[in-house]
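With chain W's structure known, arrange chains Y and B with the ligands on it following the hints.
Residue numbers (the working numbering), protein chains in the order written: chain W, 1 to 381; chain Y, 1001 to 1468; chain B, 2001 to 2120.
Hint data in this document are derived by calculation from the structure and do not stem from the laboratory. Here the structure is a predicted model, which means the values were calculated and not measured. Fair warning: there could be bad hints in the mix.
[Claimed, not checked] Quick look at which bits of chain W chain B covers, simulated, 3 or more residues with Cβ under 8 angstroms:
1. 225 to 237
2. 298 to 306
[Claimed, not checked] Some chain B residues flagged as far from chain Y (calculated, every beta-carbon gap over 12 angstroms):
3. F2036
4. A2042
5. A2043
6. T2044
7. S2089
8. G2104
9. S2106
10. E2113
11. P2117
[To be verified] If we take Cβ atoms under 8 angstroms as the criterion, some of the chain Y residues that face chain W in the derived model are:
12. N1089
13. T1091
14. H1096
15. T1103
16. M1394
17. R1401
18. A1404
19. F1405
20. R1412
21. Q1414
22. A1444
23. P1448
24. S1450
25. L1451
26. A1453
27. P1455
Heads up, the beta-carbon is just placed ideally off N, CA and C, and yes, glycines get one too.
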Amino acid sequence: MNPIKTPTAQADVIVVGGGIMGAASAFFLRQRGRSVILLERGLVGQQASGVNFGNVRRQGRFLPQLPLANRSRAIWGRLNELLGEDAEFLPTGHIRICYRDEQVGVLEQYAKDARTYGLDLEMIGRNALRERFPFIGPEALAGSYSPTDGHANPRLAAPAFGRAAARNGAQVFENTEIAVVEKTGEDFLVSATDGRQFRAPALLIAAGAWGTHLSSQFGEPVPQSVHGPQMGVTEPLPYRIQPVLGVSTTVTEEVVYLRQIPRGNVIFGGGNRGPAYPDLRRSYVLPTNTMNQLPQLKRLVPALANVNIIRVWSGIEAYLPDDRPVMGPSSRVPGLYYAFGFCGHGFQLGPGVGDVMAELIDAGATSTPLDPFSIARFLQG
Amino acid sequence: MAGSRVIVVGAGPAGVRAAEILAEAGLAPIVINEGSRDGGQIYRRQPDNFSRPPSKLYGTEAAKATALHAAFDGLRRRVDYRPDTLAWNVTPGVLHTVHHGQTQDIPFDALIVCSGATDRLMPVKGWNLSGTYSLGAAQIALKAQAVSIGRRVAFLGTGPLLYLVASQYQAAGAEVAGVFDTSPFALRVKALPKLLARPAVLAKGLALVAKLKRAGIPVETGVTPVEIAGTPDAGVSGLVLRDRAGRVREIACDAVALGYHLRPETQLADLARCDFAFDAESRQWLPTIDADGRSSVPGVYLAGDGARILGADGAEAAGALAALAALRDLGHDVADGRIDALRRDCARMDRFRRGLVEAFPWPAANAAALPDETVVCRCEAITAGELRRVARAMGATEANRAKAFSRVGMGRCQGRYCGQAGAEIIAAAIDTPVESVGRLRGQAPVKPFSLSATPLADQKGTEQGTPA
Amino acid sequence: MHRDPDGSDRVGPDAGPPRHPRFVRLDETGRTPVRFTIDGRAATALEGDTLLVALLSNGAALRRSEFGDGVRAGFCLMGACQDCWVWTSDGGRLRACSTSVADGLSIATEQPEASWPVLA
Ligand SMILES: Cc1cc2nc3c(=O)[nH]c(=O)nc-3n(C[C@H](O)[C@H](O)[C@H](O)COP(=O)(O)OP(=O)(O)OC[C@H]3O[C@@H](n4cnc5c(N)ncnc54)[C@H](O)[C@@H]3O)c2cc1C
Ligand SMILES: Cc1cc2nc3c(=O)[nH]c(=O)nc-3n(C[C@H](O)[C@H](O)[C@H](O)COP(=O)(O)OP(=O)(O)OC[C@H]3O[C@@H](n4cnc5c(N)ncnc54)[C@H](O)[C@@H]3O)c2cc1C
Ligand code: FES
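Chain W with its partners taken away, still in its complex shape (with noise of 0.2 angstroms):
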């Protein structure tokens, strides 16, 4: 019935999807010397790693992640020099604030937990808060400090991956939809939409919030859901506030999180998320969100009091059950790879997930642990 197709190109390896996670796991693969090809439905960068917030931070995620985010966060240390471009990377530090005794708790076990991964938080006091940082606000009981975290500029960050890896030989496709990937033989045959062939002995998926689908051709579905961050951005103001700023709560009403940028714009989101339909590529920010945001973001400074808001915008992300992401081989296909469903918290891990997925498809093995990742917890029976 398919009339043969000569594939229109071979490579060591194919990565379906430019995000951030696809576009940095192409260029570590080439600094490894292997050939590959990278498929992207739009432009490179163009979904949740390009309109992301641009928290490049370690604190508070899941413990076991943190050699991983700690990989990514050395890379984002020499980005510059790695990619020849820069992507405003600015190591200001992040301060996770809260409003609660009992959360004042909750951040301390962590900055001593985190302390064994090799992060290495600094507690501090509501008056020594106020005194370092003036411009948080008097509801802050206290703050854990990270002064090797900051934030980077989401819509360069993925794309300069991209072209670095183009410049190094990679065959990036942009607007190459992906139908069908499938293993025939040895090698994965991947076709896209407009008919074109790609074969590769070895296939990893990145494909955002889009994953599942491509994975569930595997039989290897996995449980997501789908939802837009809601992200915000004011006025150009005075640059004083350096590092990311970060409320830690269990009242999802109360997370907000903000940054300013050299520039001056204060960049925030938080909240409640929205709804994003991936089939569409389209996500929306609620206005009640926004409206429900404004208090919350005068809370955590209240110099915000009378600024204006100039934009807002979603994305498009997969939220796994369990908060973690896909990332690690197949359980069931040799040679087929995973790294999608970061669960709103990826931008900081992808320069990490590229070198560490080039590392696995390359070795055969990695030195940063997986195993919390892998596909094989969503398999059934």
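Chains Y and B with the ligands only, in chain W's frame:
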């Protein structure tokens, strides 16, 4: 159907005529208007304590202005008029407004967006200097405030408004340094057949030019803008242009009124998820509408300058037509004859509109020629060179991609003033048709939204359709 | 052009006295005066003036561009370009072209420090 909830956004000619039709049918529409007074752009009202008579304010259009104001005054008891209220967002079936810092969500069955237009701008080196204003701004200064934007004002751009505002300045006693039109005169002759769709309007236009010339004001066509000269701290000191004969000259002035006809305000249509299509004649993306103003989204209607730049008479007709369409869709009886007559009016106006576009074309080629150091995005002070760099070196061949990389269109104005020129610069830089560059997607809020805003207490109590 | 000798129209709290007005009144000059302040200096406008007209009848600019390309004096006058936002001395934000001037208004052409924290 009697209890249908209909919202009209805008109280210009289109919005007023739409509200009038709805009120006539026994509905009590909510009319949302960002300004405090009705009248819209052309029939903008001056503050109460001003005393210039309508003839002085509106010239030949005084009778129409007074009629529209009277019509709205007469409607006030039958519509729920909400001035000083911005429609900042729209989600399916709900309009989101803010009024003096209080937000409200208003559900609707039909939404008629009559949001008007803003000036269409082509950057020129130095247009970010203080003392450069949009042409519309120059007119508003005079009409609503009785001031001139400078001591000596040069008018640069193209379109009928250029001549109109210059002559209004001259008549009001301002010093006009000249009218400098980028369109060559020959195109006006070529467009004559279409312009003859509205002979009276054409005659008024010709009279204006004659009047300017009689007053000794230089009127030049076919010019190429070179630079608005001046310094960052002092602002504008002159206008440098290449005249038809190819000479580069500097015209001394401390203010420049700059405008290349108009572009519709389409943010609400965009947020309402209406389809857009590229209009090759005017080289801009316009929301798709049928002959009566129905958008691609059921229940959302677009009329007036916000949909097509038909001028004030056209806006009145289109507003009425959209309201009739909404009524019909809501199940009211509407006579065919009424709709047919308005459709004929609109079709004639549209023919004239296309004539204007032909006679006063958007100077797309100027975008290609802008020096790299020209600021394109005034909000963020991003240059043409930067936009070209992201298009060429970073592969940003689409408008939103270029915005993501360069910040052109990311500022406070949300790309209103740089979006169209930005697309032309990208298209020229990579040698592709401008339509393939696309358009900047609208994002809420329609205008900046203060963190001090709070939801109106008892949102639920919003009573629909209660006369004010 | 009529320029001040030093050609400057500085704005901001450290700026000198207001220089020449940018706008020229052509009519409607018989209205009641309104008194307000610009960066602490006394200024007079007329009832019915927008804040933008009030400011530019007392000086040549509204504020400084955040991105170093000079002073700004508004652009569209119709609430579309957002070029004309100024501060009140207690940190409020006003869009000058769509706000009426009022007696006693205290306008700052630069963000008042009190409303935006200085980082130690
Ligand atoms: C609004 C928002 C805010 C966030 N804030 C942060 C933050 O501050 N810090 C943080 O660490 N994380 C944050 N995240 C999460 C982070 O952005 C994501 O986890 C991360 O970008 C995921 O990268 P990805 O490459 O897996 O997915 P994506 O960036 O979505 O990339 C997947 C790509 O695969 C392509 N694709 C899908 N299907 C196919 C197909 N069939 N064929 C071809 N291509 C296909 C898509 O087009 C897409 O480009 C945020 C997410 C969102 C949405
Ligand atoms: C600056 C300017 C000057 C003009 N001068 C002339 C002229 O002298 N002669 C001429 O023939 N034509 C002129 N035109 C063209 C003129 O706009 C039209 O002829 C006519 O005014 C169009 O009517 P309208 O009802 O479509 O829009 P408008 O008259 O522009 O009315 C739109 C109304 O919608 C309101 N609005 C828009 N968006 C929102 C929102 N999100 N929330 C709440 N309210 C909103 C606005 O406040 C405004 O009141 C001018 C246009 C502009 C932009
Ligand atoms: S001058 Fe454009 S918004 Fe005020």
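Each hint tested on the structure:
no. : hint       : result
1   : 225 to 237 : holds (count 3)
2   : 298 to 306 : holds (count 3)
3   : F2036      : holds (16 angstroms)
4   : A2042      : holds (21 angstroms)
5   : A2043      : holds (15 angstroms)
6   : T2044      : holds (15 angstroms)
7   : S2089      : holds (16 angstroms)
8   : G2104      : holds (18 angstroms)
9   : S2106      : holds (18 angstroms)
10  : E2113      : holds (19 angstroms)
11  : P2117      : holds (15 angstroms)
12  : N1089      : holds (5 angstroms)
13  : T1091      : holds (7 angstroms)
14  : H1096      : holds (5 angstroms)
15  : T1103      : holds (6 angstroms)
16  : M1394      : holds (7 angstroms)
17  : R1401      : holds (6 angstroms)
18  : A1404      : holds (4 angstroms)
19  : F1405      : holds (7 angstroms)
20  : R1412      : holds (5 angstroms)
21  : Q1414      : holds (7 angstroms)
22  : A1444      : holds (5 angstroms)
23  : P1448      : holds (4 angstroms)
24  : S1450      : holds (6 angstroms)
25  : L1451      : holds (5 angstroms)
26  : A1453      : holds (7 angstroms)
27  : P1455      : holds (6 angstroms)
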